[in-house]
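There are 2 protein chains.
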Amino acid sequence: MNKKLKEKLIDIEPYIPGEQPKGDGIIKLNTNECPYPPSPRVAEALKKIESGRLNLYPDFVCKELKEIISENYPINPEEIFLGNGSDEVLALCFRAFFNSKKPVLFPDITYSFYTVWAELFGIPYGTVALREDFTLDKEGFFEENGGVVIPNPNAPTSIAAPKSVIEEIIEKNRDSIVIIDEAYVDFSEEGSIAALIHKYDNLVVVQTYSKSRALAGIRFGYAFADKELIAVLEAVRNSFNSYTINTVTRILAEESGKDRGYFEICVNSIKRTRQRLTDGLSDMGFVTCPSGSNFVFTSKPGISGKELFEYLKSKNIYVRHFDKPKISDHLRITVGTDKEIDTLLNEIEKFLHR
Amino acid sequence: MNKKLKEKLIDIEPYIPGEQPKGDGIIKLNTNECPYPPSPRVAEALKKIESGRLNLYPDFVCKELKEIISENYPINPEEIFLGNGSDEVLALCFRAFFNSKKPVLFPDITYSFYTVWAELFGIPYGTVALREDFTLDKEGFFEENGGVVIPNPNAPTSIAAPKSVIEEIIEKNRDSIVIIDEAYVDFSEEGSIAALIHKYDNLVVVQTYSKSRALAGIRFGYAFADKELIAVLEAVRNSFNSYTINTVTRILAEESGKDRGYFEICVNSIKRTRQRLTDGLSDMGFVTCPSGSNFVFTSKPGISGKELFEYLKSKNIYVRHFDKPKISDHLRITVGTDKEIDTLLNEIEKFLHR
Numbered sequence: 116m117n118k119k120l121k122e123k124l125i126d127i128e129p130y131i132p133g134e135q136p137k138g139d140g141i142i143k144l145n146t147n148e149c150p151y152p153p154s155p156r157v158a159e160a161l162k163k164i165e166s167g168r169l170n171l172y173p174d175f176v177c178k179e180l181k182e183i184i185s186e187n188y189p190i191n192p193e194e195i196f197l198g199n200g201s202d203e204v205l206a207l208c209f210r211a212f213f214n215s216k217k218p219v220l221f222p223d224i225t226y227s228f229y230t231v232w233a234e235l236f237g238i239p240y241g242t243v244a245l246r247e248d249f250t251l252d253k254e255g256f257f258e259e260n261g262g263v264v265i266p267n268p269n270a271p272t273s274i275a276a277p278k279s280v281i282e283e284i285i286e287k288n289r290d291s292i293v294i295i296d297e298a299y300v301d302f303s304e305e306g307s308i309a310a311l312i313h314k315y316d317n318l319v320v321v322q323t324y325s326k327s328r329a330l331a332g333i334r335f336g337y338a339f340a341d342k343e344l345i346a347v348l349e350a351v352r353n354s355f356n357s358y359t360i361n362t363v364t365r366i367l368a369e370e371s372g373k374d375r376g377y378f379e380i381c382v383n384s385i386k387r388t389r390q391r392l393t394d395g396l397s398d399m400g401f402v403t404c405p406s407g408s409n410f411v412f413t414s415k416p417g418i419s420g421k422e423l424f425e426y427l428k429s430k431n432i433y434v435r436h437f438d439k440p441k442i443s444d445h446l447r448i449t450v451g452t453d454k455e456i457d458t459l460l461n462e463i464e465k466f467l468h469r
Numbered sequence: 116m117n118k119k120l121k122e123k124l125i126d127i128e129p130y131i132p133g134e135q136p137k138g139d140g141i142i143k144l145n146t147n148e149c150p151y152p153p154s155p156r157v158a159e160a161l162k163k164i165e166s167g168r169l170n171l172y173p174d175f176v177c178k179e180l181k182e183i184i185s186e187n188y189p190i191n192p193e194e195i196f197l198g199n200g201s202d203e204v205l206a207l208c209f210r211a212f213f214n215s216k217k218p219v220l221f222p223d224i225t226y227s228f229y230t231v232w233a234e235l236f237g238i239p240y241g242t243v244a245l246r247e248d249f250t251l252d253k254e255g256f257f258e259e260n261g262g263v264v265i266p267n268p269n270a271p272t273s274i275a276a277p278k279s280v281i282e283e284i285i286e287k288n289r290d291s292i293v294i295i296d297e298a299y300v301d302f303s304e305e306g307s308i309a310a311l312i313h314k315y316d317n318l319v320v321v322q323t324y325s326k327s328r329a330l331a332g333i334r335f336g337y338a339f340a341d342k343e344l345i346a347v348l349e350a351v352r353n354s355f356n357s358y359t360i361n362t363v364t365r366i367l368a369e370e371s372g373k374d375r376g377y378f379e380i381c382v383n384s385i386k387r388t389r390q391r392l393t394d395g396l397s398d399m400g401f402v403t404c405p406s407g408s409n410f411v412f413t414s415k416p417g418i419s420g421k422e423l424f425e426y427l428k429s430k431n432i433y434v435r436h437f438d439k440p441k442i443s444d445h446l447r448i449t450v451g452t453d454k455e456i457d458t459l460l461n462e463i464e465k466f467l468h469r
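Each protein sequence line maps, in turn, to chains A and B.
Mind the numbering: the first sequence is residues 116 to 469 in the working numbering, read in order.
Mind the numbering: the second sequence is residues 116 to 469 in the working numbering, read in order.
Just so you know, these hints were derived from the structure itself, not from any lab.
Watch out, some of these pointers could steer you wrong.
Given that identical chains are not distinguished, each listed pair holds provided it fits within a single copy or across any two copies.
[Stated by the list, open to error] Derived lysine-lysine pairs resembling DSSO-like cross-links, with alpha carbons at most 27 angstroms apart:
| no. | residue 1 | residue 2 |
| --- | --- | --- |
| 1 | Lys178 | Lys137 |
| 2 | Lys162 | Lys137 |
| 3 | Lys162 | Lys373 |
| 4 | Lys415 | Lys428 |
| 5 | Lys314 | Lys287 |
| 6 | Lys415 | Lys439 |
| 7 | Lys342 | Lys119 |
| 8 | Lys373 | Lys163 |
| 9 | Lys162 | Lys178 |
| 10 | Lys415 | Lys123 |
| 11 | Lys123 | Lys216 |
| 12 | Lys178 | Lys118 |
| 13 | Lys216 | Lys430 |
| 14 | Lys123 | Lys287 |
| 15 | Lys287 | Lys121 |
| 16 | Lys314 | Lys121 |
| 17 | Lys314 | Lys118 |
Kindly generate the complete structure, drawing on both the sequences and the hints.
Shown next as structure tokens:
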């Protein structure tokens, strides 16, 4: 490739997603997927989809899907934006809402995609250090900024900040858009702040069906915000890719959204197993952050996070390790089934006594 | 919304997609969808998808799908990039390859999304006027530029430029990326220039399953290019949304890709109906561009394109009209089934004699 041609190509460091190992006997606790299948209604709907209609472009409006989501929250359909996974929703939010010379702020330990989107769109950013115990330092977000992004619960720490803290940050930032990324909120006792969009026109709340709805495979996420902000998001989406939600995803998300009962059974089951996992780790001397998520963030004094990660991998158990300052001795472990968690705990015990 | 907040929002004019009317009795010839269902293999595969696996993130690599596509062309899997419809592929190409202060060039009459992507990413652009007969003026693309985008066949004109003309444009632009958007190429006698990616490291060829594969509903498109360019595209994709192809789309695209026989039957049927449509229009005094696409571009001296468009709409027949200079008296008509085309011709005749 010649030099002039090369100069026209973008030069970026991409986000590197977690490993997706394949094969029998693998215990996959590294990407925060739900260990259970989606609602049985999804299975039924899949069999009934008319493939003969797939020649047509998807429904552009997704009215029914928005209505179903709005019924699960006190939100109106015109306050909902839909996307091809919450990653796409967040990416479009960055482009739509962060057009300032001041830095967008997010925690120093957080979802690593935020810096990647900022780099992609040339958005200045800065980080606010978490406290020693990995909780949010709200004052850091009161500085003048070009926008704020906070995942609540945070990842990979798993910790949910109190609603009052989140609201204070939104309140102190009326001149900036504050995005609260609620990918894991259904596993938290704090619950969603979605209803606050009616109080604050600078608030955007993002959620996903990849975790609590067990539908990572169909890619579906959405945002709640004042309808004026939703209109801006839709303009950006229509300037990028008009039809990001395909027909099958729309239909399956509708069915999942209708099945509140199954959803609650899954979430409660994951919360119970999370307690079992936390207790088991505690018995072996691990210190685990109080989790409001479908994963835990844990470490044991004197134990190398990297060594334990490599050991578990050699036993076909995949967890997530971040080779980063402050958290390099921690592991992020997705809450799997009870059986998977028992196998994991058993292997950790073997590691400690090897 | 306060002024400081408003200033941080993006200010753009979005692409406006064609109408998606719903209801019985509508003849939809306005968005270039295939009038036939996708391959029967797609229907079978849909029934067999294990919904219980949709809790997992999609396959990141899509090795098998790339292999299937590579078998339909003399292309290697590592020379293929996959996306959520060819619109997403093109959007990511704009971001990946057009990083120059010189203008990106495309025809003045062409797919209206090109200017929208350029605006979204702040890419300077210029247009090269088509000739009087709507054919490509190749010399216009020999000027120094930041990149070139040409749909071949072009839309909404339907005309396919000879391969030799396209190759000459690529050859004269070794310092810029040349994107050839082949959304409609399967309906053209010229055929794809995909194999030229082995000769030119500045060439990107984009295709879609939305037209000739009758799968607009699943959103699937892809690009062919030198593997160095594909790596850049993947880095951009991974900086935007890691998993843009969902599990169901991957599986259904695989099945469609394997069914070469059904694909050829569909394409040949559309070509036959296109001839019937062109002849019927000609009998009524319309002048129709020689089409290499699954649509035609037609006008009749003395007849207002807008009036005919509105008349057909009132009869529940949707075609596309562009309220733009040079083409405001033309209609773009998708090649539907024979029955749909007969109804259309019949209504046009009534319009002429009203």
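Here's how the hints hold up against the structure:
Proximity of lysine 178 and lysine 137 under a CA criterion of 27 angstroms is satisfied inter-copy only: 13 angstroms between copies versus 37 angstroms inside one chain copy. Within a single copy, lysine 162 and lysine 137 get their C-alpha atoms as close as 26 angstroms, and across copies as close as 23 angstroms, so both meet the 27 angstroms cut-off. In this assembly of identical chains, the alpha carbons of lysine 162 and lysine 373 lie at most 27 angstroms apart whether taken from the same copy (17 angstroms) or from different copies (22 angstroms). Taking CA atoms no more than 27 angstroms apart as the test, lysine 415 paired with lysine 428 passes inside one copy only; the shortest distance there is 18 angstroms, against 70 angstroms between copies.
Taking CA atoms no more than 27 angstroms apart as the test, lysine 314 paired with lysine 287 passes inside one copy only; the shortest distance there is 13 angstroms, against 58 angstroms between copies. Proximity of lysine 415 to lysine 439 under the C-alpha cut-off of 27 angstroms is restricted to the intra-copy arrangement: shortest distance 17 angstroms within a copy versus 68 angstroms between copies. In this homomeric assembly, lysine 342 and lysine 119 come within 27 angstroms of each other (Cα to Cα) only across copies, at 18 angstroms, whereas the closest approach inside a single copy is 45 angstroms. Both within a single protomer and between protomers do lysine 373 and lysine 163 lie at most 27 angstroms apart by alpha-carbon distance, with minima of 16 angstroms and 23 angstroms respectively.
Within a single copy, lysine 162 and lysine 178 get their C-alpha atoms as close as 22 angstroms, and across copies as close as 26 angstroms, so both meet the 27 angstroms cut-off. Taking the closest pair of Cα atoms, lysine 415 and lysine 123 never come within 27 angstroms of each other, the shortest separation being 48 angstroms inside a single copy and 44 angstroms across copies. In the homo-oligomer, the alpha carbons of lysine 123 and lysine 216 lie at most 27 angstroms apart both inside one protomer (25 angstroms) and across protomers (9 angstroms), since each shortest distance falls under that limit. Within a single copy, lysine 178 and lysine 118 get their C-alpha atoms no closer than 49 angstroms, and across copies no closer than 31 angstroms, so neither meets the 27 angstroms cut-off.
In this homomeric assembly, lysine 216 and lysine 430 never come within 27 angstroms of each other (Cα to Cα): the closest approach is 48 angstroms inside a single copy and 53 angstroms across copies. Taking the closest pair of Cα atoms, lysine 123 and lysine 287 come within 27 angstroms of each other only across two copies (16 angstroms); inside a single copy the shortest separation is 41 angstroms, beyond that limit. When the C-alpha separation of lysine 287 and lysine 121 is checked against a cutoff of 27 angstroms, the pair qualifies only between copies, where the shortest distance is 16 angstroms, while the shortest distance within a copy is 45 angstroms. In the homo-oligomer, the alpha carbons of lysine 314 and lysine 121 lie at most 27 angstroms apart only across protomers (17 angstroms), although the nearest pairing inside one protomer, at 49 angstroms, exceeds that limit.
Proximity of lysine 314 and lysine 118 under a CA criterion of 27 angstroms is satisfied inter-copy only: 18 angstroms between copies versus 53 angstroms inside one chain copy.
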